[in-house]
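Visitor: Chains as they are written, first to last, in our numbering: chain X, 1 to 184; chain W, 1 to 100.
Calculated directly from the structure, the hints in this document are not laboratory data.
Fair warning: there could be bad hints in the mix.
Coverage of chain W stretches by chain X, computed from C-beta distances (three or more under 8 Å per stretch; other residues unrestricted) [claimed, not checked]:
| hint | stretch |
| --- | --- |
| 1 | 13–23 |
| 2 | 37–43 |
No farther apart than 25 Å at their CA atoms in a straight line, the calculated lysine-lysine pairs in the BS3-like style are these [said to hold, decoys possible]:
| hint | chain 1 | residue 1 | chain 2 | residue 2 |
| --- | --- | --- | --- | --- |
| 3 | X | K89 | X | K25 |
| 4 | X | K90 | W | K85 |
| 5 | X | K139 | W | K51 |
| 6 | X | K25 | W | K85 |
| 7 | W | K26 | W | K85 |
| 8 | X | K89 | W | K26 |
| 9 | W | K26 | X | K25 |
| 10 | X | K25 | X | K90 |
If you want a taste of the chain W side facing chain X, the calculated C-beta under 10 Å gives, among others [stated by the list, open to error]:
| hint | residue |
| --- | --- |
| 11 | G54 |
| 12 | L56 |
| 13 | F63 |
| 14 | F64 |
| 15 | S71 |
| 16 | I81 |
All of these numbers come straight from a predicted model, not from anything done at the bench.
Even for Gly, the Cβ is constructed at its ideal location relative to N, Cα and C.
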Amino acid sequence: MFEVVAFYLFAALTIVMFVITVMSKNALYAMSSLAAGMIFISAFFFLLDADFLGVVQIIVYSGAVMALYAFAMMFMDTTKEVKENNPPKKIVFFLSGMIALLLVIILLTPVISDKVKALYPMSDEIGNTEAVGIVLFTKYLVPFEVAAIMLLVAMIAGIILASKRMDESITLKIDQEIEEKGAE
Amino acid sequence: MITLTHYLVLSAILFSIALVGILRRKNLLMLFFATEIALNAINIAFAAISKYYGDLTGQMFAFFVIAIAASEVAVGLGLLIIWYKRRGTIDLDSLQTMHG
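With the sequences and hints as input, model every part of the structure.
Guide: This is the structure we're talking about:
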């Protein structure tokens with residue numbers, strides 16, 4: 001009973017938050033509702049007995065990713081409305097509707113569940129975090145290390161890209177002045 | 001009782017919301033937001049399948065998806081800031097420099 005109530009409550013909240021993110025004209029509102037939606041999604045992970053994944057979701061998404069977005073938005077004026085030259089609505093909604101329908105049909109077809117054999121079965125004896133650790137550091141050790149290197153590369157790339165001409169103010173000067181300064 | 005199908009349909013709905021966002025938005029920052037929604041929708045599907053088949057592999061893939069999303073945001077926002085410094089706008093239409 002608890003699971004049913006929690007599922008529908010968080011499903012409704014998540015969908016509402018993400019619809020606000022997609023439809024809002026204000027970048028600040030979009031980011032706030034995105035952060036809220038991320039927190040609500042972690043509730044699904046807790047419901048699904050994936051405790052560690054839920055904690056990682058809160059820390060990484062609501063913590064790190066949202067902080068990055070917040071910093072990036074400090075470069076732009078977030079209080080004014082985002083002006084967009086939207087494409088014709090009919091085409092967009094027709095295309096997304098068709099793809100959504102296709103997706104739902106694919107997911108509703110019965111999965112061949114009898115033939116699926118669990119490679120790394122969950123056990124009740126050890127907790128989720130321990131089980132995740134054991135699988136991650138045995139079977140998925142190489143992808144884990146590759147992911148670590150990828151994160152390092154992304155961090156260095158982000159720093160180098162964003163810090164170029166960081167000493168220049170981009171709001172007080174016009175483009176030309178910055179270009180002239182860069183040419184010297 | 002909540003079954004696997006419930007979670008998969010929820011995941012499909014969230015993915016469709018992200019799809020609408022990607023198709024109708026013209027602001028690059030908003031496109032990034034829509035991408036995050038899509039990645040999260042897939043993560044829900046991974047975790048749900050992992051639970052209902054009693055297999056941890058789904059959760060492992062969800063971890064790697066989160067890692068990829070984090071690095072995508074770092075590099076993407078760096079490029080976004082550069083573009084904003086150059087052009088003063090992050091509208092997608094300003095990205096086309098080769099139109100005749």
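Visitor: Checking one constraint from the list: CA of K25 (chain X) to CA of K90 (chain X), max 25 Å. Satisfied?
Guide: holds, 19 Å
Visitor: Run the distance test for K89 (chain X) versus K25 (chain X): straight-line Cα separation, threshold 25 Å.
Guide: holds, 16 Å
Visitor: Checking hints one by one. Is F64 (chain W) an interface residue toward chain X, by the C-beta closer than 10 Å rule?
Guide: holds, 6 Å
Visitor: Quick check on I81 (chain W) please, does its C-beta sit within 10 Å of some C-beta on chain X?
Guide: holds, 5 Å
Visitor: For the hint on G54 (chain W), just tell me whether its beta-carbon gets within less than 10 Å of chain X.
Guide: holds, 5 Å
Visitor: With a C-beta cutoff of 8 Å, work out whether three or more residues of the stretch 13–23 of chain W approach chain X closely enough for the coverage to hold.
Guide: holds (count 10)
Visitor: Going straight from one Cα to the other, do K139 (chain X) and K51 (chain W) come out at no more than 25 Å?
Guide: Within the cut-off at roughly 19 Å; holds.
Visitor: Hint check: K26 (chain W) vs K85 (chain W), CA-CA at most 25 Å. Holds or violated?
Guide: With a Cα-Cα distance of about 18 Å, the restraint between K26 (chain W) and K85 (chain W) holds, given a limit of 25 Å.
Visitor: Checking hints one by one. Is S71 (chain W) an interface residue toward chain X, by the C-beta closer than 10 Å rule?
Guide: Holds - the Cβ of S71 (chain W) comes within 10 Å of chain X, reaching about 3 Å at its closest.
Visitor: Is K25 (chain X) close enough to K85 (chain W), meaning Cα to Cα at most 25 Å?
Guide: holds, 22 Å
Visitor: K26 (chain W) and K25 (chain X) were given as a pair; does the straight-line alpha-carbon distance stay at or below 25 Å?
Guide: Holds. K26 (chain W) to K25 (chain X) sits at ~11 Å (cutoff 25 Å).
Visitor: Counting residues of the stretch 37–43 of chain W whose CB is closer than 8 Å to a CB in chain X, do you get three or more?
Guide: Three-residue rule met by the stretch 37–43 of chain W, so holds; n is 3.
Checked against the numbered hints given earlier, this structure breaks only hint 4.
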